[in-house]
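Given these sequences and hints, build the entire structure.
Take 111 as the starting number for the sequence shown in the working numbering and just add one per residue.
The hints are simulated quantities; they were obtained by calculation from the structure and are not laboratory data.
Predicted model only: the values in this text are computed from it and were never measured.
Check each hint, because a few of them may be wrong.
Below, in silico cross-link-like pairs of lysine to any residue (SDA-like), each with a Cα-Cα straight-line distance of 20 Å or less [said to hold, decoys possible]:
1. K272 - I225
2. K272 - T135
3. K342 - L319
4. K272 - A283
5. K342 - V353
6. K272 - M201
7. K272 - L316
8. K272 - A339
9. K272 - R125
10. K342 - A331
11. K342 - S352
12. K272 - V162
13. K272 - G250
14. K342 - A283
15. K272 - K342
16. K342 - Y361
17. K272 - E231
18. K272 - T119
Simulated DEER-style distance windows between Cβ atoms [claimed, not checked]:
19. V336 - R410: 44 to 54 Å
20. S116 - A233: 20 to 30 Å
21. P338 - S116: 25 to 35 Å
22. C133 - P408: 33 to 43 Å
23. A402 - V336: 20 to 30 Å
24. L208 - P408: 27 to 37 Å
25. A253 - Y356: 43 to 53 Å
26. S116 - T337: 33 to 43 Å
Glycine residues also receive a C-beta, built at the ideal position from the N, C-alpha and C atoms.
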Amino acid sequence: MQQRFSPSTEEGVLRLSIIITLCVTALGVAFGLLASSLTILFDAVYELIDVVMTGLALMVARLIAVSTSGGAADKRLAERFNMGFWHLEPMVLGVNGLLLMAAATYGLINSIDSIMNGGRELAFGYAMVFAAISLVVELGAAAFITAANRRIRSGFLALDAKSWLMSGCITVAYLLAFGFGSAAQGTRLEWLTPYIDPLALGLVCLAVLPMPFGTVRRAMADILLVTPADLKQHVDEVAQASVRRYGFASYRANVARIGRGRQIELYFLVSAEWPARALAEWDRIRDEISEAIGDDTPDRWLMIVFTTDPEWAE
Numbered sequence: 111m112q113q114r115f116s117p118s119t120e121e122g123v124l125r126l127s128i129i130i131t132l133c134v135t136a137l138g139v140a141f142g143l144l145a146s147s148l149t150i151l152f153d154a155v156y157e158l159i160d161v162v163m164t165g166l167a168l169m170v171a172r173l174i175a176v177s178t179s180g181g182a183a184d185k186r187l188a189e190r191f192n193m194g195f196w197h198l199e200p201m202v203l204g205v206n207g208l209l210l211m212a213a214a215t216y217g218l219i220n221s222i223d224s225i226m227n228g229g230r231e232l233a234f235g236y237a238m239v240f241a242a243i244s245l246v247v248e249l250g251a252a253a254f255i256t257a258a259n260r261r262i263r264s265g266f267l268a269l270d271a272k273s274w275l276m277s278g279c280i281t282v283a284y285l286l287a288f289g290f291g292s293a294a295q296g297t298r299l300e301w302l303t304p305y306i307d308p309l310a311l312g313l314v315c316l317a318v319l320p321m322p323f324g325t326v327r328r329a330m331a332d333i334l335l336v337t338p339a340d341l342k343q344h345v346d347e348v349a350q351a352s353v354r355r356y357g358f359a360s361y362r363a364n365v366a367r368i369g370r371g372r373q374i375e376l377y378f379l380v381s382a383e384w385p386a387r388a389l390a391e392w393d394r395i396r397d398e399i400s401e402a403i404g405d406d407t408p409d410r411w412l413m414i415v416f417t418t419d420p421e422w423a424e
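What follows is the structure in structure tokens.
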């Protein structure tokens, strides 16, 4: 049980996040109905989307870990999925970001509709109790996951921490709004209180709507196999040094980042006039190039080809 929820592993942190999110979501639905608050109900829906996507992230993380472990399970998966599961990571991240943006857009539409129809009465006592509890939990979860991810370095955990932080920002906004509404009751500003909940919801949605954009853009770049400039530059430097060292005619490099995976293909054109070399000698050259590229982990896919035919490098 401790291993399943270990804060030192990606899967353990994601499981802990799911449990915390389910608890906050249940509280949000209960208090949102008691307080008749669109903002709290939106927060609960936002959390529910997050827990579903975190569950998918956990499943993908598990598949990637198993497929790169080298064990018996890896061999069985390799028979059906020869190219691994790295491609699933940007897909999940992209869908997660798009769903969060869609939820914020829907919340904004509901906010405008409620304002146009005269707002809604709110039980500020229930709303403020939930806001206080939610804020402590959300900021605590964001801090915990961020600290854990300094060691793990996971894109899933980075997005999950950002989601908790976004939820915390939502909670701060409506905590302030609900506090103002509670103080305004019985004063000449009481006419504003029916508009506080939809206004808070609208402002929060406007604030959080662009936040997942960076994650979606990065995910789309990975899905479309956009070449990362920094990795391509490094591979080019290693390849050029190898061309100079061994006297190859030229080279061709294909580089892509897919989630946590790095796919590198290097083709070196060799003169057909060269004398034959033993295969062990070519393997030694491959090992040197591989070591120079670095980052030799299960998440690196490296192919190095030596050929005299330029068509093989096209």
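Taking the hints in turn, this is what the structure says about them:
1. K272 - I225: violated, 29 Å
2. K272 - T135: Answer holds: K272 to T135 is near 17 Å, not above 20 Å.
3. K342 - L319: Not OK: K342 and L319 at ~32 Å, beyond 20 Å, violated.
4. K272 - A283: holds, 17 Å
5. K342 - V353: Holds, at roughly 16 Å.
6. K272 - M201: holds, 18 Å
7. K272 - L316: holds, 16 Å
8. K272 - A339: Distance of about 25 Å is beyond 20 Å: violated.
9. K272 - R125: holds, 16 Å
10. K342 - A331: holds, 15 Å
11. K342 - S352: Between K342 and S352 the Cα gap is close to 15 Å, so the pair holds against 20 Å.
12. K272 - V162: holds, 16 Å
13. K272 - G250: holds, 12 Å
14. K342 - A283: Judged against 20 Å, a Cα distance of about 43 Å means the pair is violated.
15. K272 - K342: Violated, at about 28 Å.
16. K342 - Y361: holds, 13 Å
17. K272 - E231: violated, 32 Å
18. K272 - T119: Measuring from Cα to Cα gives roughly 18 Å; hence the hint holds.
19. V336 - R410: 44 to 54 Å: For V336 and R410 the Cβ distance comes to about 18 Å; the hint is violated.
20. S116 - A233: 20 to 30 Å: violated, 41 Å
21. P338 - S116: 25 to 35 Å: With a Cβ separation near 31 Å, P338 and S116 satisfy 25 to 35 Å, so the hint holds.
22. C133 - P408: 33 to 43 Å: For C133 and P408 the Cβ distance comes to about 34 Å; the hint holds.
23. A402 - V336: 20 to 30 Å: At 24 Å between Cβs, range holds.
24. L208 - P408: 27 to 37 Å: holds, 29 Å
25. A253 - Y356: 43 to 53 Å: holds, 51 Å
26. S116 - T337: 33 to 43 Å: holds, 36 Å
When held up to the earlier numbered hints, the structure conflicts with 1, 3, 8, 14, 15, 17, 19 and 20 and fits the remainder.
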